[in-house]
Amino acid sequence: MIDRRFFRHAGPTRLSDIASLTAASLSSRSGDAPDGSRTFADVAPLDQAGPQDISFFDNIKYIDAFTQSRAGACFTRARFTSRAPEGMALLVTEEPYTGFALTAQQFYPEPAFEPNIAPQAVIAASAKIGRNSRIDAGAVIGEHVTIGERCHIGANTVIYDHVQIGDDCRIGACCTISHALLGSRITLHRGIHIGQDGFGFAPGRTGILKVPQLGRVLIGDNVEIGSGTTIDRGSGPDTVIGQGSKIDNLVQIGHNVQIGKYVIIAGQCGIAGSTRIDDGVMLGGQVGIGGHVHIGAGAKLAAQSGVMRDIPAGETYSGSPAMPIREWRRQAATMMKLGKKGEASEE
Amino acid sequence: MIDRRFFRHAGPTRLSDIASLTAASLSSRSGDAPDGSRTFADVAPLDQAGPQDISFFDNIKYIDAFTQSRAGACFTRARFTSRAPEGMALLVTEEPYTGFALTAQQFYPEPAFEPNIAPQAVIAASAKIGRNSRIDAGAVIGEHVTIGERCHIGANTVIYDHVQIGDDCRIGACCTISHALLGSRITLHRGIHIGQDGFGFAPGRTGILKVPQLGRVLIGDNVEIGSGTTIDRGSGPDTVIGQGSKIDNLVQIGHNVQIGKYVIIAGQCGIAGSTRIDDGVMLGGQVGIGGHVHIGAGAKLAAQSGVMRDIPAGETYSGSPAMPIREWRRQAATMMKLGKKGEASEE
Amino acid sequence: MIDRRFFRHAGPTRLSDIASLTAASLSSRSGDAPDGSRTFADVAPLDQAGPQDISFFDNIKYIDAFTQSRAGACFTRARFTSRAPEGMALLVTEEPYTGFALTAQQFYPEPAFEPNIAPQAVIAASAKIGRNSRIDAGAVIGEHVTIGERCHIGANTVIYDHVQIGDDCRIGACCTISHALLGSRITLHRGIHIGQDGFGFAPGRTGILKVPQLGRVLIGDNVEIGSGTTIDRGSGPDTVIGQGSKIDNLVQIGHNVQIGKYVIIAGQCGIAGSTRIDDGVMLGGQVGIGGHVHIGAGAKLAAQSGVMRDIPAGETYSGSPAMPIREWRRQAATMMKLGKKGEASEE
Chain A
0 MIDRRFFRHA GPTRLSDIAS LTAASLSSRS GDAPDGSRTF ADVAPLDQAG
50 PQDISFFDNI KYIDAFTQSR AGACFTRARF TSRAPEGMAL LVTEEPYTGF
100 ALTAQQFYPE PAFEPNIAPQ AVIAASAKIG RNSRIDAGAV IGEHVTIGER
150 CHIGANTVIY DHVQIGDDCR IGACCTISHA LLGSRITLHR GIHIGQDGFG
200 FAPGRTGILK VPQLGRVLIG DNVEIGSGTT IDRGSGPDTV IGQGSKIDNL
250 VQIGHNVQIG KYVIIAGQCG IAGSTRIDDG VMLGGQVGIG GHVHIGAGAK
300 LAAQSGVMRD IPAGETYSGS PAMPIREWRR QAATMMKLGK KGEASEE
Chain B
0 MIDRRFFRHA GPTRLSDIAS LTAASLSSRS GDAPDGSRTF ADVAPLDQAG
50 PQDISFFDNI KYIDAFTQSR AGACFTRARF TSRAPEGMAL LVTEEPYTGF
100 ALTAQQFYPE PAFEPNIAPQ AVIAASAKIG RNSRIDAGAV IGEHVTIGER
150 CHIGANTVIY DHVQIGDDCR IGACCTISHA LLGSRITLHR GIHIGQDGFG
200 FAPGRTGILK VPQLGRVLIG DNVEIGSGTT IDRGSGPDTV IGQGSKIDNL
250 VQIGHNVQIG KYVIIAGQCG IAGSTRIDDG VMLGGQVGIG GHVHIGAGAK
300 LAAQSGVMRD IPAGETYSGS PAMPIREWRR QAATMMKLGK KGEASEE
Chain C
0 MIDRRFFRHA GPTRLSDIAS LTAASLSSRS GDAPDGSRTF ADVAPLDQAG
50 PQDISFFDNI KYIDAFTQSR AGACFTRARF TSRAPEGMAL LVTEEPYTGF
100 ALTAQQFYPE PAFEPNIAPQ AVIAASAKIG RNSRIDAGAV IGEHVTIGER
150 CHIGANTVIY DHVQIGDDCR IGACCTISHA LLGSRITLHR GIHIGQDGFG
200 FAPGRTGILK VPQLGRVLIG DNVEIGSGTT IDRGSGPDTV IGQGSKIDNL
250 VQIGHNVQIG KYVIIAGQCG IAGSTRIDDG VMLGGQVGIG GHVHIGAGAK
300 LAAQSGVMRD IPAGETYSGS PAMPIREWRR QAATMMKLGK KGEASEE
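Going down the list, the sequences are from chains A, B and C.
Once you know that position 48 of the first sequence is 47 in numbering that gives the first Met the number 0, the rest is easy, because the numbers rise by one and skip nothing.
Once you know that position 50 of the second sequence is 49 in numbering that gives the first Met the number 0, the rest is easy, because the numbers rise by one and skip nothing.
Once you know that position 168 of the third sequence is 167 in numbering that gives the first Met the number 0, the rest is easy, because the numbers rise by one and skip nothing.
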């Protein structure tokens, strides 16, 4: 059960409207089309769903949960329809999870906010705030900042002088942003720090000299960034996050890093200075990438990989130092055998 | 020397009262009971303690520090009493460190705070704050929040609408909490972010679709959480932290993770979505656990372990990928030999 | 091009003055001294620099960029002068990057700030703020805090009771500092948490007992600390960061850790309790160091190293568990060969 204190519900929707919304076709185990006028109002996982709920099934690992599910309707692929329980309405699509996500968005739309400038926000006279935006208590907006329309700036967030933010951005509480130009429809969660000095020092005879960090952070449209993540500004070149990229919590991105479009970066990854990550790359959790390397488009790095050299486009790597995942699996298997031999000779 | 500007001292205590408090018996090297009316007022490590201080000894590695210590009194186990210096009062117990901790708590009790609602806090009209609680400057408390009695909410912390917090909780500065129900006697340090969206996306033909995150975060009694840690709310199920668990700094906990009771998680661990960690598990620093795995009760994972599969209850694992620690040690030894052979053949 | 909305420019400087400032000698490919009265106003990387810009070259990997660069002037070493393009003014020095950094500092000096106490800051009556300091909106300064002269405390930062801060410190927004004594000329970026309780618990029959954390954090002069980093106070002894040390983002430093002078710690490192790190040590990103170990002066640890034992002074280690880097490379090579044998026998 979704806790409706926290999530605003939009009311029931007809099954036929859900099918339209998600470009799914209605079917059932028998192949007969279910009643499209039936209404649904909630989503749930297969094992928790009841007759009023819509679920999804797309991973053969969960086939038992599917065949036993009491869900009233379920997104799935055409090839699974014959396994569905009797009486379950099927929403057939090649992207069941996407259908489920769209349905959940329909039932529980992103909460709206009332435009408002909290009296406890501190906004410089020269800052420009677009129409229908909301600035919460304790936010501090610097000189010459521009914020677009329909933006929400969370409580106690600090936007430094001259930062530019596009339309429809949602910035959570306790963030700090400086030296940055942000596009539109960007979501920043909480406690994110963008634009501080990169880690640039010149060690020499007279100690460790600070190298001025003279670049910016550029963030494309539709980017989403998780809580506690830090993104340093460039040292001269800019640090760039391409449109549509999704970055999880507690990620560190060094100066001059260039991240392409639709890149997915899981929690606690660290990317050192001047590294380039091309479109569609996916990084598992806790991956570390050294400075000045290039990750080709569509490459995937398994969790905890350590990368010091370029990774070719489209490849999947694992390990520290990272290697093609097939090779990594073989090494692990070899090691296991050697370990067992060692065990035998111990005895 | 404890810096009493920072720590409030409660005054001296008689040795016999300390023995009672900690269920220790008084003894000495000779076996004669020391003078229980003697008073003590401070704690110190073995090598820094003087005649006015109480110390503890429980690790044979520090035997020299014990035999040479000038501590006036010392918690230790019965089997070590014969190694104590002449004249040292011994507090004999099977849990010397616990005895030491209780004594330190007695001398330096958790600082009390005066109930107060700072005029610079921003509290929604519908929020309910229990008696004798304290809300510091810049804190922002949302609509319909309930906070119990004797709670302390630190400066510039943001509590979002509808959050519930039990009694005797201490929440540090610069935290954010949303979509969460907290028990009692919980300590959150600083800059902790609880309840933001989990990392849920459906990649598809039309880009990367956001999956609404419709669950909550439930935190049990007596939990303590370190600075900079992030805990995402569930995607539909809840994210759960069981009672008495202790989580260190900069830990990332993904959506739907279920953590049992009395689990200990060291700094910078990352736990991916929907993983279940049973009671009494201990994780070393920087451990990474993948999604949808199960860590059995009482299991231990060495620092930097990488876990992609279930770990059986009670076992100790190490390495990335994690394996039983005995096997991991054997592999490391085998590798070292092979490395040396490689060296020989190079020469 | 440097974005002068974000960076204040100090005006052009004569080449001869730059040479004096950096103790470089003026030369050229031909050996003829260039015109010292020529003025420059900007810095740029070799491949982006034009005739108005000063660049630097010190890594043979970038020799092509050097020979083709259009930079008007360039810092380099004497041995590279013969490779310079015609007409490029050379600033010859044994520390080209340091020269470049000093020049960048000259062109873009650290932005000055106007002394000011924001009316929205909350400052305890007993706090002492030195002359010409600046406290931004939403900052909360506790009782008996002392802050030196020419300090800048960022918006929404919280300084707890009795903390002492020297002169010329710059503390970013959303930091929290307690139980700490800071020297002078310290830079803290944003969202840094200093002085919270260390992770000290005594597990026992009656649950997990909190051990009072009775030490402080001492930070030496000229230290710089990155955003999101957490430094726990000592448990009895102090946690110490030696002068001139540089710590990157999202680093975790446990209680009682002692860090020497001029230590460099890259992003996301974790250092467990009571470990000692001597002067001049360098840690790569995501390094994990266990508790109670000793890292000798000048040692280097490669990224993602995992350290459970002492590391001798001056050595370079890599791997998890960490080993001398030569041995680590040999093991990696051996593994690769074994992996390939495994492949052959599969086929």
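Simulated from the structure, these hints should not be mistaken for lab results.
It is possible that part of the hints are untrue.
Pairs of lysine-lysine residues, derived as DSS-like cross-links and limited to a Cα-Cα distance of at most 27 angstroms, are as follows [what the hints assert, rightly or not]:
{"id": "1", "chain 1": "B", "residue 1": "K260", "chain 2": "A", "residue 2": "K339"}
{"id": "2", "chain 1": "C", "residue 1": "K336", "chain 2": "B", "residue 2": "K260"}
{"id": "3", "chain 1": "C", "residue 1": "K209", "chain 2": "A", "residue 2": "K339"}
{"id": "4", "chain 1": "B", "residue 1": "K336", "chain 2": "C", "residue 2": "K299"}
{"id": "5", "chain 1": "B", "residue 1": "K336", "chain 2": "C", "residue 2": "K60"}
{"id": "6", "chain 1": "A", "residue 1": "K336", "chain 2": "C", "residue 2": "K336"}
{"id": "7", "chain 1": "C", "residue 1": "K60", "chain 2": "C", "residue 2": "K339"}
{"id": "8", "chain 1": "B", "residue 1": "K299", "chain 2": "C", "residue 2": "K209"}
{"id": "9", "chain 1": "C", "residue 1": "K60", "chain 2": "B", "residue 2": "K339"}
{"id": "10", "chain 1": "A", "residue 1": "K336", "chain 2": "C", "residue 2": "K260"}
{"id": "11", "chain 1": "C", "residue 1": "K209", "chain 2": "A", "residue 2": "K299"}
{"id": "12", "chain 1": "A", "residue 1": "K209", "chain 2": "A", "residue 2": "K260"}
{"id": "13", "chain 1": "B", "residue 1": "K260", "chain 2": "B", "residue 2": "K209"}
{"id": "14", "chain 1": "C", "residue 1": "K260", "chain 2": "C", "residue 2": "K209"}
{"id": "15", "chain 1": "B", "residue 1": "K260", "chain 2": "B", "residue 2": "K60"}
{"id": "16", "chain 1": "C", "residue 1": "K339", "chain 2": "A", "residue 2": "K299"}
{"id": "17", "chain 1": "C", "residue 1": "K260", "chain 2": "B", "residue 2": "K339"}
{"id": "18", "chain 1": "C", "residue 1": "K339", "chain 2": "A", "residue 2": "K209"}
{"id": "19", "chain 1": "A", "residue 1": "K60", "chain 2": "A", "residue 2": "K339"}
{"id": "20", "chain 1": "A", "residue 1": "K60", "chain 2": "B", "residue 2": "K60"}
{"id": "21", "chain 1": "C", "residue 1": "K336", "chain 2": "A", "residue 2": "K209"}
{"id": "22", "chain 1": "A", "residue 1": "K339", "chain 2": "C", "residue 2": "K339"}
{"id": "23", "chain 1": "C", "residue 1": "K260", "chain 2": "B", "residue 2": "K336"}
{"id": "24", "chain 1": "B", "residue 1": "K60", "chain 2": "A", "residue 2": "K336"}
{"id": "25", "chain 1": "A", "residue 1": "K209", "chain 2": "C", "residue 2": "K260"}
How the hints compare with the structure:
1. Between K260 of chain B and K339 of chain A the CA atoms are separated by roughly 35 angstroms; this puts the pair beyond 27 angstroms, and the hint is violated.
2. For a cut-off of 27 angstroms, the pair hint linking K336 of chain C to K260 of chain B is broken: about 46 angstroms separates their Cα positions.
3. Restraint check: the Cα-Cα separation between K209 of chain C and K339 of chain A comes to about 42 angstroms, which exceeds 27 angstroms; the hinted pair is violated.
4. For the proposed pair K336 of chain B and K299 of chain C, the alpha carbon gap of about 24 angstroms is at most 27 angstroms, so the pair holds.
5. Between the alpha carbons of K336 of chain B and K60 of chain C the distance comes to roughly 36 angstroms, so the proposed pair goes past 27 angstroms and is violated.
6. For the hint linking K336 of chain A to K336 of chain C, the alpha-carbon distance of about 15 angstroms falls within 27 angstroms, and the restraint holds.
7. The hinted pair formed by K60 of chain C and K339 of chain C fails the criterion: a straight-line CA distance of about 31 angstroms is larger than 27 angstroms.
8. For a cut-off of 27 angstroms, the pair hint linking K299 of chain B to K209 of chain C stands: about 20 angstroms separates their Cα positions.
9. With a CA separation close to 32 angstroms, the supplied pair K60 of chain C and K339 of chain B exceeds the 27 angstroms bound.
10. Between the alpha carbons of K336 of chain A and K260 of chain C the distance comes to roughly 46 angstroms, so the proposed pair goes past 27 angstroms and is violated.
11. The straight-line distance between the Cα atoms of K209 of chain C and K299 of chain A is roughly 42 angstroms, outside the 27 angstroms bound, and the hint therefore fails.
12. At roughly 32 angstroms between alpha-carbon atoms, K209 of chain A and K260 of chain A are farther apart than 27 angstroms, so this suggested pair is violated.
13. At most 27 angstroms may separate the alpha-carbon atoms for a hinted pair to count; K260 of chain B and K209 of chain B exceed this at roughly 32 angstroms.
14. Taking the CA atoms of K260 of chain C and K209 of chain C, the gap is about 32 angstroms. The hint is violated against a cut of 27 angstroms.
15. At most 27 angstroms may separate the alpha-carbon atoms for a hinted pair to count; K260 of chain B and K60 of chain B exceed this at roughly 31 angstroms.
16. Taking the CA atoms of K339 of chain C and K299 of chain A, the gap is near 22 angstroms; set against the 27 angstroms cutoff, the hint holds.
17. Straight-line distance between C-alpha atoms of K260 of chain C and K339 of chain B comes to about 35 angstroms, which puts the hinted pair past the 27 angstroms bound.
18. Using a Cα cut-off of 27 angstroms, the hinted pair K339 of chain C and K209 of chain A is violated, with the two alpha carbons roughly 46 angstroms apart.
19. For the hint pairing K60 of chain A with K339 of chain A, the CA-to-CA distance comes to about 31 angstroms; that exceeds 27 angstroms, so the pair is violated.
20. The straight-line distance between the Cα atoms of K60 of chain A and K60 of chain B is roughly 50 angstroms, outside the 27 angstroms bound, and the hint therefore fails.
21. A C-alpha spacing of about 43 angstroms is found between K336 of chain C and K209 of chain A, which places the hinted pair above 27 angstroms, so the restraint is violated.
22. For the hint pairing K339 of chain A with K339 of chain C, the CA-to-CA distance comes to about 19 angstroms; that is within 27 angstroms, so the pair holds.
23. A distance of roughly 37 angstroms separates the Cα atoms of K260 of chain C and K336 of chain B; the hinted pair therefore is violated under the 27 angstroms criterion.
24. Our distance criterion of 27 angstroms between C-alpha atoms is broken by K60 of chain B and K336 of chain A, whose separation comes to about 36 angstroms.
25. This hinted pair checks out: K209 of chain A and K260 of chain C have alpha carbons roughly 16 angstroms apart, not beyond 27 angstroms.
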